[in-house]
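**Student:** Here is what each chain is made of, one letter per residue.
There are 4 protein chains.
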Amino acid sequence: MPAVIETDVKKMQKCIDLCNRCMQVCEECLTSCLKEPDAQARMKCIQTLRDCADICSLAAQFMARGSAFAKQICGLCAEICEACATECDMFQDNHCKQCADICRQCAQECRNMVNM
Amino acid sequence: MPAVIETDVKKMQKCIDLCNRCMQVCEECLTSCLKEPDAQARMKCIQTLRDCADICSLAAQFMARGSAFAKQICGLCAEICEACATECDMFQDNHCKQCADICRQCAQECRNMVNM
Amino acid sequence: MPAVIETDVKKMQKCIDLCNRCMQVCEECLTSCLKEPDAQARMKCIQTLRDCADICSLAAQFMARGSAFAKQICGLCAEICEACATECDMFQDNHCKQCADICRQCAQECRNMVNM
Amino acid sequence: MPAVIETDVKKMQKCIDLCNRCMQVCEECLTSCLKEPDAQARMKCIQTLRDCADICSLAAQFMARGSAFAKQICGLCAEICEACATECDMFQDNHCKQCADICRQCAQECRNMVNM
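Chains as they are written, first to last, in my numbering: chain A, 281 to 396; chain B, 281 to 396; chain C, 281 to 396; chain D, 281 to 396.
Bound-form chain A, shown alone (with noise of 0.2 Å):
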């Protein structure tokens, strides 16, 4: 059936371009994060952050090559990105609250290509 194919295209196509943006947005937030008074406060914020970049940039290209194991590192990367999502709810800035959006929409792209 072309449509549902069309579909499962355009719902990866959604989730690789979610991951590269939750990647920039972690790697950027990360950045803001060691240039806070508070930066020792946020290491374990930190940790993840840097978990959740790495992550989302391997799923992206994994699904960009049609991995057969596309599924199960989306399926790894939305938990990272769940638990980024919670360290990042716990400081006020921008930068935080802006990414734990983003790796909020990433999570859950992330478990549409799970149960796709």
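To be clear, the hints were calculated from the coordinates, so they are not data collected in a lab. This structure is a prediction, so every number in the text was calculated from the model and none was measured. Hints may contain errors.
Which copy is meant is left open, so a pair is good if it fits within one copy or across any two.
Said to hold, decoys possible - List of simulated lysine-lysine pairs, BS3-like, C-alpha gap at most 27 Å:
1. K324 with K291
2. K290 with K351
3. K324 with K290
4. K290 with K315
5. K315 with K351
Got chain A sorted already, so can you dock chains B, C and D onto it with the hints?
**Tutor:** Here is chains B, C and D on its own, set in the frame of chain A:
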């Protein structure tokens, strides 16, 4: 001068977006090349696509984090993108033609970053 | 109990070392497969080698940084290593035989990490 | 001349091993820096450690696959390793001292690769 700064931010965003796009197109083209009946004749093309996808991915991450080495990695990325375009130009299928085109655009934006 | 902690550190170091080794052997095997006269018949093997090299590389990085998600990425790494060993076992050349062997060792160490 | 070839293979293996080692030590040092009471003063050090771990990881992958761009990425890797050593030298703790030492060794081996 805020106007200049805004221009630089936009230039870098354009470069990040093209690196992400080039990563995706190279991964897709690599997978398509492996499925072609003349896969063995595409050895050098496939190897260059692999390098190009990986360096584009890391260049996007370096730019996103505001790395002090963003220009240097963009310089290397431009070089690999040009080589990849040259390899892809040797084949007549649509995925190679499209990939060569995106690689050249990405190389140009990476050079713009280097000269920023 | 320091003895237990030391054991865990040693286990993780063994797993990092095997992930690095497996990354290298998969990259070498992929390049060798591209040069074989039956490269086209190795499509699935080459694609799995690509995924395996990348996940081994990121798993080593997650373990090195003491990531909260080290066990999860090792779980996925074990799964991809096993799939890669199965693919490589289908070919008779030395690089595939050696790669299958290292992939199985790496899968085992990754499972040890998961159960730590 | 097989003797020369063997020497080159050994040189590259030494460089791959040091890149893997440097990736690990940088990741460990970054995590340790985040836990230090003066984490905020280490911002530039942490950012350089992040870049260094990532470029070492990709340089090892490029060498392992016999990339045509192995020398170029090793050239950039040497530059980032030197910068990382300089940053780490500013701090007195053992993890920074050890990291600076490994970064310098890795930079030297990467330069050897460039001149091979």
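**Student:** When Cα atoms must be at most 27 Å apart, do K290 and K351 count as within-copy, between-copy, both, or neither?
**Tutor:** within (15 Å within a copy, 32 Å between copies)
**Student:** Pop the pair K324 and K290 into one bin, within, between, both or neither, using alpha-carbon distances up to 27 Å.
**Tutor:** between (34 Å within a copy, 24 Å between copies)
**Student:** How would you label the pair K315, K351 (within, between, both, or neither) given a Cα cut-off of 27 Å?
**Tutor:** For K315 and K351, only the inter-copy Cα distance (22 Å) is at most 27 Å; the intra-copy one is 35 Å.
**Student:** With identical chains treated as interchangeable, where does the CA-CA distance between K324 and K291 reach 27 Å or less: within a copy, between copies, both, or neither?
**Tutor:** Intra 32 Å, inter 24 Å, cutoff 27 Å: inter-copy only.
**Student:** Could you figure out if K290 and K315 sit no more than 27 Å apart (CA to CA) within one copy, between two copies, both or neither?
**Tutor:** Answer is between; shortest inter-copy Cα gap is 22 Å, intra-copy 38 Å.
Against the hints set out earlier in the document, no violation occurs for any number.
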